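**Student:** The chain contents come next:
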Amino acid sequence: MIKYIIKRIVYLIPIMLGVSAIIFALKTFTPGDPARIILGNDAPQEQVDAKREELGLNDPVVVQYFNYIKGIVTKGDFGDSYRTGNPVLSEILPRLKTSGLITLGAVAIGAVIGIILGIVSALKKYTWIDSLVLVVSMFFQSVPEFVVGLVLIFIFAVTYHILPSSGIESAKGYILPMMCIGLSSVASYTRITRSSMLEVLSEDYIRTARAKGQTERNITKRHALRNAMIPVAQSIGTNLGNSIGGAMVLETVFGIPGVGKYITDSITQRNYPSVLGGALIIAIVLTVINLLVDISFILIDPRLKTTIISGGKKKLKKAA
Amino acid sequence: MKLKKVLGAGLAVAMAFSVVACGSSEKETGSAPAKTAGSKAATENTANVDLVNKVKSDETLVVALASEPSSLAPTLVGESENESSIISGAILDTLVSQNQFTGVVEPNIATKWEWLDDYRLQFTLRDDVTFTDGSLLTAEDVVYTFETLASQSGNNDGGKFLDPSKNEVVDDHTVILGFNTVAPDLVTMLTWTPFGIFSEDEVEACGGFDKAADSPVIGSGKYRFKEWVQGQYVVLERNDNYWNQDYAGYFKEIKFTFTQDPAAREMAVEAGDAGVAYEIPVAQASTYVNNQNVKTSFYSFGQVYHIWMNMRDSEPMKNVKVREALDKALDYDAIAAYATGGQAKQSLGYIDADVPFAVDYYTEDERKQDVGGAKALLEEAGYGDGLTISCLGTPDAEGLYTVMQAQLAQAGITLEINSVDIPTFVQGANGGDYDIILVGEYLDSRNPSAWVFFDENSINTFCIGGDKYTSDEIWSAIQEVIKAEDNEAAKEKVAALEEIFKRDTLVLNLCPELRSAITQPDIYGLATRERGYIDVTSFYREQ
Amino acid sequence: MENILEIEELVVHYETDDEVVEAVNNIKLTMKKGEILGLVGETGAGKTTTALAIMGLLPEHVGAIKKGKIKFEGENLLEKSKREMRAVRGNKISMIFQDPMTALNPVKTVGDQIAEVILLHDKCSKAEALKRAQEMLGLVGIVPERYKDYPHQFSGGMKQRIVIAIALACEPDLLIADEPTTALDVTIQAQILDMMRGLQKKNNTSTILITHDLGVVAEMCDHCAVMYAGEIVEYGTLQEIFDNPKHPYTKALYKSIPSLDKDVERLHVIPGMVCDPSDLPSHCSFYDRCDEKCDACKIQDPQPYEVSDGHVVKCLKYQAREEK
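Protein chains in written order, with numbering that gives the first Met the number 0: chain D, 0 to 319; chain Z, 0 to 542; chain C, 0 to 323.
Hints are computed from structural coordinates only; laboratory data are not their basis. Only a predicted model underlies this, so the values are computations on that prediction, with no experimental measurement involved. Be aware that a few hints might be false.
[What the hints assert, rightly or not] The calculated lysine to aspartate or glutamate pairs, modelled on EDC-like cross-linking and capped at a C-alpha distance of 16 angstroms, are:
1) K81(C) / E215(D)
2) K26(D) / E323(Z)
3) K31(C) / D172(C)
4) K200(C) / E218(C)
5) K107(C) / E202(D)
6) K107(C) / D203(D)
7) K501(Z) / E323(Z)
[Claimed, not checked] One side only, chain Z facing chain D, incomplete, derived with CB under 8 angstroms:
8) A262
9) G381
10) L414
11) T423
Glycine included, each C-beta is placed from N, C-alpha and C at the ideal position.
Next comes chain D alone, as it looks inside the complex (with noise of 0.2 angstroms):
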């Protein structure tokens, strides 16, 4: 287990190479002079000169990224903001706590609805039920997460007063933005739930489990939900990430520190560092993330010890 573990941290490597790399080349290839925004619009050539050169930019490229790699292994320095001028990590550490509390909640609003509607739907299938619940699942996927906050905002801050409209300061502020994120991902937990519960709920063994005389509360609740949870906490995992990575909304609409647009923002002001730093950061939180819920599977279902132990491919490959 531990090797593996090691090893799955191993795997970074690359990736925050490629990932640093990328975004080197991204710096060489986009227009707009890091220096002539740090400077401002109305500087005068010389001193945009002068930045460059004390920036570095004017070294090739390989140098910079070599420089870059360097300050990240032997100082643990991601550079500093062209925008405020502090270190990238201490930007956005705090961002991230904030992120991941929020998309912690979100995941668990938009699981537990969407795992319900999903068995739900699944065990009355073809039913009006099962169509409802089709219809209201895509509704909040398909309207847009920041009409979705508006709308909340709309019915909880102004009409009902019982949640604040903004901000973070106190612990009512997370729930409003919880509940925008977390129901936008319902119908996908719902669709996954739902085939995953109806593919599941085909198999043999449940057959076995009708034949042994079992109810089909039962048969439902200790046999098809555990299997049936296995491609849904797969796609926990994955969601955990995107919205780490990609909740806009959080600052747009609910005024509140997130990572994402952090890092969008500072896409548009060629704030590299904080990008590259930024990346950086979320492919290693990615990675651990990944790697729990990889290693929560095994709670779930008993065949990837031997499958992770050994340090082979997780697969969920049915028993031929």
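Knowing the structure of chain D, use the given hints to seat chains Z and C on it.
**Tutor:** Relative to chain D, chains Z and C alone:
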């Protein structure tokens, strides 16, 4: 980082350095459209007209801004962003101030001032102004402030025209400040937020410029910095030792929150979570006009949307007939209606009509859309078979470009819209990678930087937009405007300049750029500073 | 000896929006206590459907019993409520499914899976049930200590032993084994069959053995029913069916068994295809493939006809002969 600034100036890159700042006409919910002239007095209109508050309360005002600034004392670190200007404007106090009602420059920290020569301005200072550490403000502090500005912000509005070598401490309460250009209107510039005074001791107590920019316990302003929780909010508290005892800040604390989505900011006001939501896009704000739960205000601030045409080396625009054709093909009324959400009319001159030295050089009649005329001109210019031109803009400009695209199409001109992100825009706009370009220029003062489009140096080094073309005739006409003794005298010079613009169709004036703010219905005292920034210190709640 | 199972005029349809599949058509079958009945036929002949109908496990919404009775120990199972049927399933009637690889829940220990059926039908504690589960494992030849292991840790043959252990845990009166060895290696097949025969003898469990393998039938059964297109075309004792097959289909089946004695170039193949169960002919359903057909076969659907005591054939050839 200049992002905010660029956005704030509409699309463009603010060049202007101007004087009369609070030239803003503002309009309350449901009242008549913002007027376009003479709002300095603003008697019948609602710009900066609320009575001055005399009551102090223990309430907190929450101001919802669009984004978090990168620092709170921008000039210390050579930056300028809308949000940081708004916040630091409450913390720092300036030598002179601008009357909220009349736009006239008035005494503030300085009781009087006079030009000793073209480049040196002497101020007599009050002797009762105290900084955050309780020390008295002296001439030394003013010199320190301006030296800091020149060194830290020498490249932008904060310090570009300062000449610290001419600064001089005459005595504790008399100081001479030096400038590097001849422009009588520069005194108005000193009312702007970047020129707020602070002391060296304060900056050192904070731990240097960078630290002071993050937690600016500096200045002698109406409010003092209390707390900045990064990513969440900034809190200021009322300065009860403010020198002007006639001023009473109603709110004990002012808290700034940051929410990018304008609808979410509006709802924060409607939900009662925020008192003020700043910078709601005009088109969106006009949909709130009939909402009784909030008060929607519109104001202009001396910025006009212009279309510049690249005449350097791109053939179609070099041709004056093509430029005229463009002028005739555009329907300025429709453009103004779109860009201002129906709140303002087209601009009849290069400078916003609210600005005191503006002249209406055109009549609406001669600016009427004339598709036939445009076609005839194109025919003459050799583009009878149609003409394709390109324009450059940020996504914000797309809407306006699309309106123009449809109008130009009637005359057989195809407009290709290149919508790019801001850094790409800056690069393309500087490089002349366009036929036409939309720029909102801040021309509220007769300040040299406003005319950068015709400055030989700027055109060849760094200049966003413009026609990439100049002549001695234009340049000297501009110098006349800048050097004019006062606004009255300047009007004449502006007229001469407008004549050149008109003769060669060098620029197409579209309409004033409006800004909008939303407040709770019982909050009054909306006032503006330079560039249309709100002055957060003057808000109060109706008793 | 009393009849443990009597199936009368059973008709089962699978109904979907597009079509109706007539899976079982009017079959009649009687089974005595302690008997081992082999149910033989090609894939799709309706063997498994018959078994599922007995278990009450036809797919919901799709499978429908249109007609008939299934009398088990004298009671019609089709009239029982869902709850009553649950008490029968796993307890009085058990079923072993074809593919042991997928018949076990991958995320539960085998001990739990055996104990589950015991807990359902016998009043006992969880610990007791687990103990009995271990005994069952021992009975089917698996080290009882492995009750804590998961299915993936067992080989295919061992999985089938576990499935059998589940089926036999409550000592059922009737065991239905649906191709219990088809998915297994030949050597394993023999072991499993051996074990099953041993256990059957020991408990005297009535067993229906569904298979397409006549060899298995010969080895295990004392009666045999041959199904074709949802019908039982021939029924009789093992001896009768093997020594004196009457129905052309049964005969054809024998011909298709490879034999070491005879030197044939290639195996006999029954010509043609099984007729489409969603579009069965009104005449004899084997008509198209039959090499003994006559004109009458195309007009009339034959009725089951007892050629000798307990040997029933559904073929006009014998019916007609009698009537002549």
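**Student:** Hint by hint, say whether it matches the structure.
**Tutor:** Hint by hint, here is what the structure shows:
1. K81(C) / E215(D): OK: K81(C) and E215(D) at ~10 angstroms, within 16 angstroms.
2. K26(D) / E323(Z): Distance ~41 angstroms between K26(D) and E323(Z) Cα, so the pair is violated.
3. K31(C) / D172(C): 11 angstroms, holds
4. K200(C) / E218(C): Within the cut-off at roughly 14 angstroms; holds.
5. K107(C) / E202(D): 14 angstroms, holds
6. K107(C) / D203(D): 14 angstroms, holds
7. K501(Z) / E323(Z): 10 angstroms, holds
8. A262: This hint holds: A262(Z) lies near chain D, its Cβ roughly 5 angstroms from the closest one there, short of 8 angstroms.
9. G381: 33 angstroms, violated
10. L414: Because about 22 angstroms separates L414(Z) from the closest Cβ in chain D, which is outside the 8 angstroms limit, the hint is violated.
11. T423: Hint on T423(Z): holds, closest Cβ of chain D at ~5 angstroms, below 8 angstroms.
In the structure shown, a violation is registered for the earlier hints numbered 2, 9 and 10, in ascending order.
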